[in-house]
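**Q** Dock chain to chain to rebuild the complex, using the hints, since each chain is given by itself in its own frame.
Protein sequences appear in the order of chains A and B. Residues 213 to 473 in this note's numbering are what the first sequence lists, from first letter to last. Residues 63 to 350 in this note's numbering are what the second sequence lists, from first letter to last.
In silico DSS-like cross-links for lysine-lysine, where the CA-CA straight-line distance does not exceed 25 Å:
#1 A:Lys403 with A:Lys348
#2 B:Lys235 with A:Lys321
#3 A:Lys321 with A:Lys339
#4 A:Lys360 with A:Lys339
#5 A:Lys321 with A:Lys360
#6 A:Lys315 with B:Lys235
Just so you have them, the derived chain B footprint on chain A, three or more residues with Cβ under 8 Å:
#7 267 to 278
#8 312 to 323
#9 375 to 383
Label-pair ranges, simulated between beta-carbon atoms:
#10 B:Asn194 with A:Asn298: 50 to 58 Å
#11 B:Met228 with A:Asn298: 30 to 38 Å
#12 A:Ile279 with B:Thr79: 45 to 53 Å
#13 A:Thr228 with B:Ile164: 41 to 49 Å
#14 A:Phe243 with B:Ala233: 22 to 30 Å
#15 B:Met228 with A:Glu293: 33 to 41 Å
#16 A:Asp287 with B:Ser158: 25 to 33 Å
#17 B:Arg345 with A:Arg460: 53 to 61 Å
#18 B:Arg232 with A:Ser217: 35 to 43 Å
#19 A:Thr278 with B:Lys67: 51 to 59 Å
#20 A:Glu364 with B:Gly197: 49 to 57 Å
#21 B:Arg345 with A:Asn301: 38 to 46 Å
#22 A:Glu364 with B:Arg162: 33 to 41 Å
#23 B:Met73 with A:Ser365: 42 to 50 Å
Hints were generated in silico from the structure; no laboratory data involved. Given the structure is predicted, the values throughout are model-derived calculations rather than measurements. Each residue gets a CB set at the ideal place from its N, CA and C atoms; glycine is no exception.
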Amino acid sequence: MVETSPFPADTEHVITTSKVNFFYGATQALFDITMDIPGRRVTAFIGPSGCGKSTFLRIFNRMNDTIAGTRLEGDVRINGEDIYRNGSNVVRLRRKVGMVFQKSNPFPKSIFDNVAYGPRIHGTHDKQQLAEIVEKSLIRSALWDEVKDRLESNALGLSGGQQQRLCIARALAVGPEILLMDEPASALDPKSTIRIEDLIGELRNEYTIVIVTHNMQQAARISDYTAFFYEGHLVEFNATKKIFTKPREKQTEDYITGRFG
Amino acid sequence: MWKDKAMRLLMLSAASTSIFLVALIFIFLMKESAPFVLKPGLGALIDRQWIPVSFVEEHFGILPLVTGSALVTGLSMLFTIPLSVLGAIYIAEIASPVEREILKPFIELLASIPSVVLGFFGLVVLAPLIKNLFGLGTGLTALTGALLLTLMAIPTVITLSEDAIMSVPRAYKDASQALGASDLQTIFQVIIPAALPGIIAAIMLGVGRVIGETMAVLMVTGNSAIMTWSPLAPVRTMTATIAAEMGEVSFGSMHYQALFWIGLVLLAVTFVLNVIAQRVLVRYGMMK
Chain A
213 MVETSPFPAD TEHVITTSKV NFFYGATQAL FDITMDIPGR RVTAFIGPSG
263 CGKSTFLRIF NRMNDTIAGT RLEGDVRING EDIYRNGSNV VRLRRKVGMV
313 FQKSNPFPKS IFDNVAYGPR IHGTHDKQQL AEIVEKSLIR SALWDEVKDR
363 LESNALGLSG GQQQRLCIAR ALAVGPEILL MDEPASALDP KSTIRIEDLI
413 GELRNEYTIV IVTHNMQQAA RISDYTAFFY EGHLVEFNAT KKIFTKPREK
463 QTEDYITGRF G
Chain B
63 MWKDKAMRLL MLSAASTSIF LVALIFIFLM KESAPFVLKP GLGALIDRQW
113 IPVSFVEEHF GILPLVTGSA LVTGLSMLFT IPLSVLGAIY IAEIASPVER
163 EILKPFIELL ASIPSVVLGF FGLVVLAPLI KNLFGLGTGL TALTGALLLT
213 LMAIPTVITL SEDAIMSVPR AYKDASQALG ASDLQTIFQV IIPAALPGII
263 AAIMLGVGRV IGETMAVLMV TGNSAIMTWS PLAPVRTMTA TIAAEMGEVS
313 FGSMHYQALF WIGLVLLAVT FVLNVIAQRV LVRYGMMK
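Pulled out of the complex, with its shape left as it was, chain B reads as follows (with noise of 0.2 Å):
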């Protein structure tokens, strides 16, 4: 009896763990960054600079970083939403079970190259190419960002979204035929709008993964935090931003509250997308 419950706890503490380990962050987050978010005041919050060393007057505004992030990631997105989705619908409509057979292993292959081996790829290959392609002093841009991010987006974008493709009814399919529809208005005007909500999420899900990496923007984006919109400037990042800069900062300096305060807002926007991709998927019955 007593080894029933035992057991039960046991379980019941090892399922909870995650729980408890997001709680611990969040908490730890906002005991780190507290100081820095009350002490200097609004100010600091709508700071448009980040120096954080400096002989003169050092600056913790994190919008140039939130920008960074939000160019990085908002390009990335123009390229990995109409190739995932039209990877994903050739996947699950259009390709032949032998191309089926081909393709699935790649993406999933693509998937699983470490974000430090893709950043090789990008500063080797990727920021020469943009460099010479638009005439720049250097080739580590917003954009050379976003187009490694993208590589690690697309397969969760495409396997998420082949999965709301494929979860569309045959029926559909077959009453969009019998009224004779061809194949690309089956797609496009019942297919796609039934797996609409799928595709969303999946997107939203590619998109908190798209932000919250870290090794590959580090080493494409050219790290200048200066607050800007073309995606040929050098920028930098939230994530990169941490990465950076957390080995050098001195314990408990105003440098180091800042640089969790960024961590914080990181994980809340990714905490928020989640949510949103979660509620989507349930709420249109896609959750497996």
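One chain only, chain A, in its complex shape (with noise of 0.2 Å):
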């Protein structure tokens, strides 16, 4: 990136990889990404299937090391701490590290249990305590309303777009920083695809959102910034405005275009 930087001077920036270079077994997923994202901003990857983008987004809260055979190398920092670095504490990382996934996974438990699971884990289990911040979850993540009076009741019995916004609920509940998404949307009808973008809205400023997604509407509509991902490198990230108006490289105008992908 030659280009000046696109973001503004005061820019604090959460989350910072150098040089990473990921591999599942023998095979190269992710080159030699360099890149800083922003804090209390929503930042969209974008890119064809298979270009990297999922496994770049796992690798801000280890989920990739829960996939045997996979290597990392780099440098990846959330707050100037190496996360990567020997003794790093991989529960405290995934309680500042949220993630919500593809498909809504509540787990077969009440719709209370479900939010109230991660502070539990963590050590909660004062009542009172539980029950504030599980309303407070629910609340913001816009499904209280809905589900206030059935608290107790199986969540596998909620509507997808309900079930995922418990999903982010339940990310919520254990007081995170940051927000990786991965295509949280992409299952779900378009009304419930507003409301889940309506919601991320809500939340950008006060979380680091990164967000994947296939759709790149959604992308222009949600993201402050825009990173394109082909083939395993970074092409170009930069405002999203920019991204979708003037790209810089041609293969992100190919893709934005509809050209391929």
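**A** Okay, here's the thing in structure tokens:
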């Protein structure tokens, strides 16, 4: 990136990566990715399937660790702290970096227990306190009004869109600073998608949100910054407006104008 | 055209054979045991003694046999459930692929050992061990039988529990880990609760297997029909009673009918257990 920085001068970069290479066994999935992600903004990762955007996202909460045979080179820091150094505390990291998955995955438990799950495993057992956290999280995820009268019913009885908002509430309940979203609306109907997008809009000022999306309109609608990935390389990273109006790279332009992908 | 119909009929009857046979067995057991149940009245049913051959007074109370079976089965489950569930968790969630490939064939091998052979092992190894360990007069006790039955139940329960655990969607695990849960927290607070219906069904089928087992318990439980709840006392189970006495009983006698009555009770119990297990599996969509 030769151009001047797309970020305003006072931007605080919460996630910084430097020369990140990532391997699944012998296959290299990411090449030399250096990128600074600003705090309290929405950053979208776009690119065709298999371009490595989800893999890159899962580096930030070390979810790739759960896959056998993966290997990472390079430097990944969150708030300046090297999250891959020896002895780094994965539990603490994941409290700070929440994740919402492509397919909503509430536990087969009650709505309340789903949201309370995170606080409980981190040692909060006080009923009053849990109830407050659950209520606050559900309000934040714009689900409270729909479920406040049936917190004890099974979460699997909710609609797909509600389930996804419940998953967001569950992630918020542990008090993260960063929210990673891996195509959170790709399995939802248009109406539910809008609700999720609105929700992201409401959360943007409090959380650093990184969202992977297949849907370029979605990236254009909800993100402040957009990164375009192609075949494991970061092709272009800039203010969303710039990416969608005046992309610097030919590949980016071809992709966003629908010539491939 | 008629060929199709004939073929259809043939296959239908082949498929229905088992239903037919189960019904037949039930009817047969009922018919043979009916005179015993009806004739001496309820008194015989709650008689606490089983003395089928006597010069003084014969008793055909199956209660000591029922408690014998219950004691051995209960004890065996006390060992089987924790061992199998922990084993299944290890194989499904923690073991490396290499470990799994070593463990699984051995568990299957355990399932294929004939019960008589296990009975030998119980007689020669387990019984003396228990005799010395607890300073008993005889090593042929309910506990000995229960330990042997545990060996027999473990493969069933472990394999089915493992299936149940493996069928828990990976997404649950991801969600839990992404919230910062440790592997153990994930296993005990998400995976096991999600797999619980399957595990319960596995345990039920294990109980069914244990109650019905005959040869090994006949060899190692000491066969004394006394009513006791002590694990270190010799007991006699329902199955062992039928196996041991059927050969010598005179046809059509009261004793003969009483043995059929035992068989009927046994069949009813295992039938109910199986139905419950199936229902749990179907209810939670775990039936394959």
